[in-house]
Amino acid sequence: MYTNPRSATRAYANVGLETGVTVASPHQLIVMLYEGAELSIRMAIKHLSEGDVARKCAAISKASHIVVDGLRASLDLKQGGEIAQQLDSLYEYMNQRLMLANINNQPAPLEEVLGLLRELHEAWRQIGAPAPVPAPVASTPRPSMPPITA
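Sequential numbering from 869 applies to the sequence shown in this note's numbering.
Accuracy of the hints is not assured; some may be wrong.
As the list claims (entries may be wrong) - The list that follows gives simulated cross-link-like pairs (lysine to aspartate or glutamate, DMTMM-like), each with its CA atoms no further than 25 Å apart: (1) 914 x 903; (2) 930 x 960; (3) 930 x 906; (4) 914 x 987; (5) 930 x 944; (6) 914 x 979; (7) 914 x 990; (8) 914 x 980; (9) 930 x 903; (10) 930 x 956; (11) 946 x 956; (12) 930 x 987; (13) 914 x 960; (14) 946 x 960; (15) 930 x 920; (16) 930 x 918; (17) 914 x 937; (18) 930 x 990.
Derived by calculation from the structure, the hints in this document are not laboratory data.
The task is simple: from the sequences and hints, build the whole structure.
Here it is as structure tokens:
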């Protein structure tokens, strides 16, 4: 569904998120992109409610950049099959909603995109959660052998 690790790293770096990029796995990079997009949208909602148009625009622009140039650009549409195609369409829809929120100064599209990102973020986090380690099996002691006498 997503491209190779180098592509994911480039996509992440292209959207201006830097902390941990060089040591993160491709899975972690996608999680970081979701976190960055969510934070930017929360900031946009805050700035919109405060009437700070410049900061609202900057926050929406950053969220859009992360969605399009980070998440969407990292999809492997050839190998990702139907899931990658659906995510591609969803990311495009999110970007359109972000632009609508920016143009019309409306919080509803921002909240909608934030909800979608949260769902995807949680699903992505669960995909990468380490499998539970089974409890160690108690070994039964071997019966001791009587000493060999000759």
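Hints, verified against the model:
About 17 Å separates the Cα atoms of residue 914 and residue 903, which keeps this hinted pair within 25 Å; it holds. Between residue 930 and residue 960, the direct Cα distance comes to roughly 15 Å. Compliance with the 25 Å bound is thereby established for this hinted pair. Under the criterion of a C-alpha separation no larger than 25 Å, the hint pairing residue 930 with residue 906 is consistent with the structure, at around 10 Å. A threshold of 25 Å between alpha carbons decides the hint, and for residue 914 with residue 987 the separation of about 21 Å falls inside it, so the pair holds.
Straight-line distance between C-alpha atoms of residue 930 and residue 944 comes to about 23 Å, which keeps the hinted pair within the 25 Å bound. Between the alpha carbons of residue 914 and residue 979 the distance comes to roughly 11 Å, so the proposed pair stays at or under 25 Å and holds. Simply put, residue 914 and residue 990 have alpha-carbon atoms about 23 Å apart, close enough for the 25 Å limit, and the pair holds. The hinted pair formed by residue 914 and residue 980 meets the criterion: a straight-line CA distance of about 15 Å does not exceed 25 Å.
Distance hint between residue 930 and residue 903 is fulfilled; the C-alpha atoms sit about 12 Å from each other, no more than 25 Å. In summary, the hint linking residue 930 to residue 956 is supported, as the alpha carbons are separated by about 18 Å, within the 25 Å threshold. Note on residue 946 and residue 956: the hinted pairing holds, with a Cα-Cα distance of about 12 Å set against a maximum of 25 Å. For the hint pairing residue 930 with residue 987, the CA-to-CA distance comes to about 20 Å; that is within 25 Å, so the pair holds.
Distance hint between residue 914 and residue 960 is fulfilled; the C-alpha atoms sit about 24 Å from each other, no more than 25 Å. Only pairs whose Cα atoms come within 25 Å are accepted, and residue 946 paired with residue 960 is accepted, the gap being roughly 17 Å. As the CA atoms of residue 930 and residue 920 are separated by approximately 16 Å, the hinted pair is consistent with the 25 Å bound. Annotation: proposed proximity of residue 930 to residue 918 holds, straight-line Cα distance about 18 Å (limit 25 Å).
In summary, the hint linking residue 914 to residue 937 is supported, as the alpha carbons are separated by about 24 Å, within the 25 Å threshold. As the CA atoms of residue 930 and residue 990 are separated by approximately 21 Å, the hinted pair is consistent with the 25 Å bound.
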